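For the protein sequence lines, the chains are A and B, in the order given.
Quick note on numbering: this note's numbering labels position 152 of the first sequence as 152, and the sequence is numbered without any gaps.
Quick note on numbering: this note's numbering labels position 17 of the second sequence as 17, and the sequence is numbered without any gaps.
It is worth saying that the hints were derived from the structure and are not from the lab.
Note that the coordinates shown come from a computational prediction; the quantities given were computed from them, not determined experimentally.
Hints may be right or wrong, so weigh each one.
To be verified - Covered stretches of chain B, as calculated for chain A (at least 3 residues, CB under 8 Å):
hint : segment
1    : 74-80
2    : 98-107
As the list claims (entries may be wrong) - Straight-line Cα separation of at most 25 Å, SDA-like style, residue types lysine to any residue; simulated pairs:
hint : chain 1 : residue 1 : chain 2 : residue 2
3    : B       : Lys139    : A       : Glu215
4    : A       : Lys236    : A       : Ile38
5    : B       : Lys135    : A       : Arg209
6    : B       : Lys139    : A       : Asn25
For every residue, glycine included, the Cβ atom is placed at its ideal position computed from N, Cα and C.
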Amino acid sequence: MSKIEGAVREVHRMESLAEKDQWINRIYPLVKLILTIIYIATVVSFGKYQISRLLLMGIYPIVIFVLGEISFRDALRRLRFILPLVCVAGLFNPLFDRQIFFYVGKIKVTGGMVSMATLLVKGAYSVFASYLLIATTSIEKICFSLRKMHVPAAFVTQLLLTYRYISVLLEEAGRITQAYCLRAPRQKGVHFKVWGSLTGQLLLRSIDRASQVYESMLMRGYQGEFRYVSARKCKKGDWFYLLAWLAVFAVLRLV
Amino acid sequence: MERRRIEFKDVSFSYEAGQKVLDRITFSLQGNESIGLIGANGVGKSTLLKLMVGLCPVTEGEIWIDGLAVTEKNLPGIREKTGYVFQDSDSQLFMTTVFEDVAFAPRNYGLGEEEVKKRVETALEMVHISHLREKQIYKMSGGEKKLVTIATVLSMKPSLMLLDEPTVALDPGNRSNLISLLNGFTFPKIITSHDLDMIWDTCERTILLYDGKIQRDGDTREILQDRELLEDCGLRLPLRFAEAEGVRPSPA
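Next comes chain A alone, as it looks inside the complex:
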């Protein structure tokens, strides 16, 4: 399976996860979105040396991973994209902040090391929380929640269509590279001489596909505003879920 096919499958796999009929999937999407935003904001608000208290915030992702039967390994895989960036951001902390905090055996643990570790934990928690949101909530429901939060329609529609067109783009890229590979069986990858024409083809074909999708939307009454989610009312249970977690976050952050 090529990398592109893998990426397409990954997009579809996430959609399958979001469509599962688990209790966590059934929670009102706006509640999950608010909770994710507040969780990330809370995590980020910890001081750079407050790692021990920050670690306790791990309770939220752990509980959801366990009760929602969501693969922790998949979430870890996603960290590989973010952690290097976070590492770069915190790379100089150990160099500039050499104040010794404590010893582990004979090893000096400096403030820079602690602050870098704090940064890494914050990054990991934020990725986990975002992953949990998209693994339990479809893109349509996330967009619905954003609209409920009065995020402008133009922005939300842009977000949704970008997401939709990512798979269109990937599928077209998959077809083009497959056709290329079948006619260049001895080559490893795509030769740089044809990168230009393949990219051009990809762009043109993606625009064509995207226009067809858009035409199909127009034919079914789309007029610039998506109405894509069943108008299920937010129930008491949803509010209780939100309030319970907010209470936990408040305790962990303030006490």
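Using the hints provided, position chain B relative to the given structure of chain A.
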């Protein structure tokens, strides 16, 4: 006399200046007729359908759908009553599950969730795919996707249906299911296709396009048995007649 549902008056269209794809097309559809629109590749069949719903702009001539001129102002009304089934199902289906996709149009028309559900259930029952309700689109076969595209249109309760090459890439079983389904619809239809046997089975009237013009407009039975006419327009007899005459389809 029956009401004119669709009327084309001297409609011409070109994608590039000086190269007319359609040239002075005039015809009307009355009552609940089903019209088969046939012609060789690139003759303008799909363009003609797109003109009817404003996906291509009418620059010359007039088109009227149920008493509404096809103009920018009337497009929402025209599109609401016109079900358009695209040739490529993958382009028509863009939501995650069958239910969400079929519900897309009713929700866009602002219907309440109960009504949306009712419409989706009815549309899925009409095409006999209620069991696929929660299935994800990307996991479906070509035949299933085609049925879902028809359901997405039926949920709008259209009063007119346009189908662009509906039998492309369908296996014989799915193809004959689709034909029975189309024959069960009581509203008028315009079907473009190279599958002349399907046109024979579903349309009482046929319009043959050639070189951007209407070459013949009349009874399907007459047109589809006129070998000379079909061959002059780059087509061949429907397979049922070719086989009856012992003519094997050319492998080329």
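Cross-check of the supplied hints:
no.: 1; hint: 74-80; result: holds (count 3)
no.: 2; hint: 98-107; result: holds (count 5)
no.: 3; hint: Lys139/B <-> Glu215/A; result: 23 Å, holds
no.: 4; hint: Lys236/A <-> Ile38/A; result: 20 Å, holds
no.: 5; hint: Lys135/B <-> Arg209/A; result: 23 Å, holds
no.: 6; hint: Lys139/B <-> Asn25/A; result: 20 Å, holds
Going through the hint list in order, the structure satisfies each hint without exception.
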